[in-house]
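Spelled out, the chains give:
Protein chains: 2
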Amino acid sequence: MAGLPKKEEADTKEIDMSSISSSKRHNQNPDYKVGVPSKQNLFKEFTYTVKETFFADDPLRHFKDQTKSRKLILGVQTVFPILQWGRGYNLNKFQGDLISGLTIASLCIPQDIGYSKLANLDPQYGLYSSLVPPLIYACMGSSRDIAIGPVAVVSLLLGTLIQNEIDPTENPVEYRRLTFTATFFAGITQMTLGFFRLGFLIDFLSHAAIVGFMGGAAITIALQQLKGFLGINKFTKKSDIISVLCSVFGSMHHGWNWQTLLIGAVFLAFLLFAKFIGKKNKKLFWVPAIAPLVSVILSTFFVFVTHADKKGVAIVNHIDKGLNPSSAHQLYLTGDNLLRGFKIGAVAGMIALTEATAIGRTFAAMKDYQLDGNKEMVALGAMNVVGSMTSCYVATGSFSRSAVNYMAGCQTAVSNIVMSFIVFLTLLFMTPLFKYTPNAILASIIISAVINLIDYEAAILIWKIDKFDFVACIGAFFGVIFGSVEIGLLIAVVISFAKILLQVTRPRTALLGNLPGTMIYRNIQQYPEAKNVPGILIVRVDSAIYFSNSNYIKERILRWLVDEEEKRIKLYRPRIQFLIVEMSPVTDIDTSGIHALEELHKSLQKRNVQVHWFLQDLKTLALANPGPVVIEKLHASQFSTTIGEENMYLTVAHAVHSCLPRVVEEA
Amino acid sequence: MAGLPKKEEADTKEIDMSSISSSKRHNQNPDYKVGVPSKQNLFKEFTYTVKETFFADDPLRHFKDQTKSRKLILGVQTVFPILQWGRGYNLNKFQGDLISGLTIASLCIPQDIGYSKLANLDPQYGLYSSLVPPLIYACMGSSRDIAIGPVAVVSLLLGTLIQNEIDPTENPVEYRRLTFTATFFAGITQMTLGFFRLGFLIDFLSHAAIVGFMGGAAITIALQQLKGFLGINKFTKKSDIISVLCSVFGSMHHGWNWQTLLIGAVFLAFLLFAKFIGKKNKKLFWVPAIAPLVSVILSTFFVFVTHADKKGVAIVNHIDKGLNPSSAHQLYLTGDNLLRGFKIGAVAGMIALTEATAIGRTFAAMKDYQLDGNKEMVALGAMNVVGSMTSCYVATGSFSRSAVNYMAGCQTAVSNIVMSFIVFLTLLFMTPLFKYTPNAILASIIISAVINLIDYEAAILIWKIDKFDFVACIGAFFGVIFGSVEIGLLIAVVISFAKILLQVTRPRTALLGNLPGTMIYRNIQQYPEAKNVPGILIVRVDSAIYFSNSNYIKERILRWLVDEEEKRIKLYRPRIQFLIVEMSPVTDIDTSGIHALEELHKSLQKRNVQVHWFLQDLKTLALANPGPVVIEKLHASQFSTTIGEENMYLTVAHAVHSCLPRVVEEA
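As given, the protein sequences belong to chains Y and F, one line each in that order.
For the first sequence, the residue numbers in the working numbering are 1 to 667.
For the second sequence, the residue numbers in the working numbering are 1 to 667.
Treat the hints with care, since some could be wrong.
Same chains, same label: a pair holds when it works inside one copy or across any pair of copies.
For lysine-lysine, the following PhoX-like pairs were computed, each having C-alpha atoms within a straight-line distance of at most 20 angstroms [to be verified]: (1) Lys606 x Lys435; (2) Lys282 x Lys467; (3) Lys51 x Lys282; (4) Lys282 x Lys367; (5) Lys602 x Lys367; (6) Lys311 x Lys234; (7) Lys311 x Lys321; (8) Lys435 x Lys321; (9) Lys279 x Lys311; (10) Lys367 x Lys606; (11) Lys367 x Lys343; (12) Lys64 x Lys570; (13) Lys467 x Lys44.
Calculated directly from the structure, the hints in this document are not laboratory data.
Build the full structure now, drawing on both the sequences and the hints.
Okay, structure coming up:
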């Protein structure tokens, strides 16, 4: 440790390097006792729990030791990060943002038009939603890579849920009003979760469940596109696979339009080929990115020239020109529709959050910057609240566009501003150009976009890693395609919770054995080299001991005892006279857990008295390495005095070392 | 190890005693690798999980390796344990059972009459419920100490819930029918839980919640007794404390009857004094046990002699003579009342189970015999199903009577048969004797009985041990006394679940340090002696890594890294170049968890490249002691190759030993 100032030596808690190397020659020092942390006062403990639960990321770190005016500036910068990174913005960065902005704009315009159909809205509403929300997000969000706008799954979810309440063709005005209301409450939900730092709630939707849910939603969306793709007029409003296939095959003989099918099929092939190229060569990422716009232009020109619309090819026909009209007065703020809007908005808002958070985290990890999940939620919420007042529906981060954004070299959220500007120009000047765009091409674009959401590789990996996760994944998947989006979600959440509860109710226990020649004790199933210690049973409990599992743990340990004793007696080995419970993984214990330990202790003593009443010391319970919380509670409950302080050991090795000489050999 | 046959030496996995003692002189052998358990096939794994979840107690153990006819006999004995223990029954045991049976009979008769009032039923129904169910239980149950019959809390719960549906004074017949229906479904619920081995579900009601719930119920019951105790005629039907106190004080000026109050108060004082004596001297346990019957006899005689009933002292007046009439035809098996009966029965059945299971376990632990919880549930369920057809309402194990039973020296369930026989005689011959028994005495008996349920010592202990548990306890308590029994239950369950989820969402992490002179690494908060290792950060994760906490864990570790780095740089210590994650307590990991580890790994690598791009080896992630499930999943997901097999160590000491020489000192 040469080169370090001497005077610091005493202050630091760091160990000397030489001492560690030399410790190889030492023995385990048996002088250490199990540490009992100094009693924390209640308020401190409470503060700590609250902090770790809600402020785990220490969001106020930067505000420490600052002047008041500085704090104010920092506060404003926290709400509007653009004020922070904007000061360091330069032309170099803008170059990256411009290119990526243009790329995602070319991708988003045809997608927006298509997705608004999923939400049963006119095409301009999709464009509106790519104009305002990205601007708001650019000012308030911290992710540098996310591309904001309408996305397929949320559009479908919103469309299905709202259509259950109001028919979009019969009452388009009410339908739109409910959509804006739902968007408003989606934003409010997101802001509330973020503001009260409840962002961790969305973690309860597991990765596996999301994979299954997204895959199912992608297939549902793709199937819905068959309407546009095949030019079917009469189509079911349900989203499950059976209703859709019935619709498709029922209309086979009279409802399909071959011209539509031809256009759709040709361009779908083109789009998929472009995707394939992009996948093969990462540098050609722009090929699949601009392919949709190219298809739209080509097919529109083709329809315009051939007058295919006269032959039954459905076209977009009309997109309102002009910018977002205000919709603030259209929100339902009273009555039943308020409640409905709230319910739908809360669900859609949560799903939108899940998607945006996953994207944000992924890219933040790739570029290694920190995202404050809760702050992000406030930003996303604010953008949807503003959106709901400017004729937008729920916007969030899009998987496909964010990936393109990243690959095109975006530097900051300015790429979203560029995209928004292009959409602005489109709305002002170019909407008439989409008149002859065939619906089939939109269907093809959506199909080729959602195919990416079917992540079968992830599903295979999940199968390999964790079967229970796979059940959640496949449950969500089938729930969505055979039931509906909501049923799939419900299944996913229920299975995920059941998994947690199962683990908490039936934790693992393991027998430990000694690795010969060491003082290490390991699971004998994992380490076949590990050997039993004569007369001593060592059990490790792999979980906190709570009311939900305390009885199980107690009984499981007694069962280990009986089983092992039988085995050992058959082999003429000494009876088990000491039970050592390795407590390292027992991170917490509650009153039920302490009761269970007490009962275990009593049970051992009784057995002792009944079976070997001539020997007082048989079947002693020893605890190895109880953690700080556990030891504190054992003390509080007097259990440590019940079994005796001397029966708490620093490590299993210490416990064995102390018990082994006392093992009595029997005839 | 002298005296052991030589040939066994190789077969057993036991280690040689001398090898362990000599291991003290050895060093940790660095040759051991982290064990990877042989891949289990899916079916085996599934079977294992199912077995541990539903058959944790291995109930079929005795059936192994038996002939068919023997299996049949064992099967019958399993359902009717009386056939097993009955064969070894003798006069000696009967002596104990006779005395204890007589004692609990003298206690149960007045209690039964009182409790049936809590359930808004005529007094004979309480006696009926002490006749049939104990007989059935004696044949099917395995607890030797439990005393079966109506209990205060279940009677109150049943009374409150059924009275919400049908008015007991206006429609006594329908009310009774619904009671029997509820009893029937309580039995069915109990049998179903037991048969499908779902008994662990009742473990979700934590000890703390039960303490609070019972305390609240006791106070509610005691307050309800003020009606009989003060001789009030108009009394609220609600059970919350506010309504009851309003009733009591509203009727103060005209409704109280001083003769009633006098009788009640005198005998309550007597009962409490008897209780006090019993507590002081455990040998005089029979004093509080027979005190209620003595009070009944004395007070009845007193009323009969003084004609106090003419002066407004309410008396029992009439108890139907004769044995249980059949009620099988009275069950509602169709319509709305079926559903109501089912709902009420399911709740009452669960609560009854909780009480009986707690009692069964307590006494089984005291006498060290094993109880199969699920089999017990089948027995309790069967007894209630039969009970519902013989005019009984829900019976279960009574805390107070079981304790008396135990102290009076009961040996087997025969004491229940004795008690049942006494009740049988009472119903046949003695009911007219209760004509002049004042209601006030019943109120006094109930009050003195339920006082035991207020376990304030347990509540204080819970406060000391675990604050969160205390919140569940006090929540249940206030829920019951200010709301209702159901609200209290609901609060208890919700808080208990919230606790589990909180622990799973925000697990603890700890920094480890070296105990100087050893190779042991321990939490530096718990062991102030523990020292940091230069250039290395050792973090322990205290929980399985699941979707619900994976992000938190990742971010928490990164925060430890930043915090510690700051600290160490201030002290001119080497930067942190290695991160060792101690995985011992990580009992399981899922796909989200592996993702989090991958992101952590990426994050470290990025930091490395950004901050110290001249040094390739900084910020390496090492894992110490991953468990069998974890290592299997790390392999399945290829993560072990991502971070490198060589970065998985057997212990923290091994990891430090390997990393320390590579720590680079900086200027």
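Point to revise | Numbers of unmet hints, in rising order | key: 1, 2, 3, 7, 9, 11
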